[in-house]
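These protein sequence lines are chains A and B, in that order. For the first sequence, this note's numbering gives the first residue as 1137, with consecutive numbering after it. For the second sequence, this note's numbering gives the first residue as 12, with consecutive numbering after it.
Derived from the structure by calculation, the hints contain no laboratory data. Please note: incorrect hints may appear among the correct ones.
[What the hints assert, rightly or not] In silico DSS-like cross-links for lysine-lysine, where the CA-CA straight-line distance does not exceed 30 Å:
no. : chain 1 : residue 1 : chain 2 : residue 2
1   : A       : K1402     : B       : K53
2   : A       : K1351     : B       : K175
3   : A       : K1166     : A       : K1189
As the structure is a prediction and not an experimental result, all values here were calculated from the model.
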Amino acid sequence: MKTISELTDFYYKTLYPVLQELEEDRKALKQRVISFASVYIIAVALIALSIYKYVDIDMLFFMGVFALAGFGWLYRFLVSDYTSDFKQRVIAPLIHEIDENLDYLPELHVPVANFNRSKLFTSRPDRVSGNDYVRGKIDGIDIAFSDFHAEKRHKDSKGRESWTTIFQGLFIISDFHKTFHGETVILPDYAQSTFGDLIGSWLQTNNFSRKQLVKMDSPEFEKAFVVYGTDQVEARYILTHTLMQKLLNYKKRSKHPLYVSFIRGKIYMAIEYNDDMFEPAVFRSLLNYKIAMQYLATLHLAIGIVEELKLNQKLWSKK
Amino acid sequence: MSTPLIILIVLAIILVLMYNSLVAKKNQVENIFASVDTQLKKRYDLIPNLVASVSKYMDHEKSLLEEVTKLRSEANRPNISDKQKMNLDAKITKALGSIMIAVENYPDLKANENVMHLQRSLNEVEEQIAAARRAYNQAVTDYNNALEMIPTNIMASMMGYKEKDVFEITEDERKNVNVGELFSK
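Chain A with its partners taken away, still in its complex shape (with noise of 0.2 Å):
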């Protein structure tokens, strides 16, 4: 694979041209932006001094998320054309640079029976959404990714719908080469850090939503993640010391709470960042060194879990 500079060369040679061209697009998209948003502004600023006598304070505030609301939609569709096009030409040749036998659909994620096969989050999602899903194989390992974000639909007493997040980030599925019956999920260990290794491990052996506690052999592992299973053995199989190092590593390289499981052949990984990833910026330059970092380093995070974990360490008997 790649290396992140080899992957910064291309993205500033290759493509610097087409860079420069959404670069102008992007300055003319922040204008308008700007503009529309004036009027906007004045607009609903004119509308609420002239009603604001004969409504009450409920229905003006009610009337300020509403017009909150429809601006973003607006925002949305101004720069959708643009974004699409960004996507387009840098992220999906970015995307064939790593692998050409790689996939990039922008406007579909990962199927929402993945992600609830994973069994990473107890609650099954009502709502789902997401984008930038690329699929392929890499070194003939099956591997699919993109963003998601799931979501709990809540009522209170008085019929009201709300609306919480489970998950928001990225969320790789794999194949995983080593044959196994069970499950197994790696958390990150919460329980012990807030409330230290006595009442946290005690909580963690009587958390009844989920299989037995496994208990690993690496402090350091131990510290950063908890170990559900539903084989003591098994899990262990999986978990060697070397797999455990690696998402250690992974784990600290990404800075992101990571959830892994390994259920029915497969690998599945969440890593969670709160963010819409690989949407270009518009009031920042395309041109910025950081901005592009964080799309590559994203990007490489992701396409990097097949190098990473070795999983096509074709050593198993597992054909």
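Go by the hints and put chain B onto chain A.
Frame of chain A; chain B shown alone:
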């Protein structure tokens, strides 16, 4: 309900919970030892095939092959203690490791499909044994902790529970040298 009765009931519940947790820990140790056994049996089954496939090539390592065969027949004897089993297992692991390294010196052998398949199977069994050993050690640690810690130690001594030994892991294994890496060199 009178206070002494409540205290008595609470005490009884605590005692039952302690008793059950000790039994559960002991059974967990036995249960996982059984899976170590299963994996070891799988390895014993592979050894004759391995010896048969490599013996005609390996002139200089004859003693190694004989050693493995001898250890295997010892391990298959009935009524050997858990401790003896652990010792034999450690010796077999070492001897097999040496055979696998020796295979590297025989290019024909290394390329042989049959041997490659055996290597893959052995590698997998080795990983499974390592996993079962780690699981066993964790179960024994939990069990031994309960035997030493207050207040479960009092009940454990009344129940006649004795501390159990863990599998000794060699320094090599601690470093987790992947046998696979030796093959793929």
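Comparing the hints with the structure gives:
1. Only pairs whose Cα atoms come within 30 Å are accepted, and A/K1402 paired with B/K53 is accepted, the gap being roughly 25 Å.
2. With a CA separation close to 19 Å, the supplied pair A/K1351 and B/K175 stays within the 30 Å bound.
3. Straight-line distance between C-alpha atoms of A/K1166 and A/K1189 comes to about 36 Å, which puts the hinted pair past the 30 Å bound.
Going through the hint list in order, the structure does not satisfy hint 3, though it satisfies all others.
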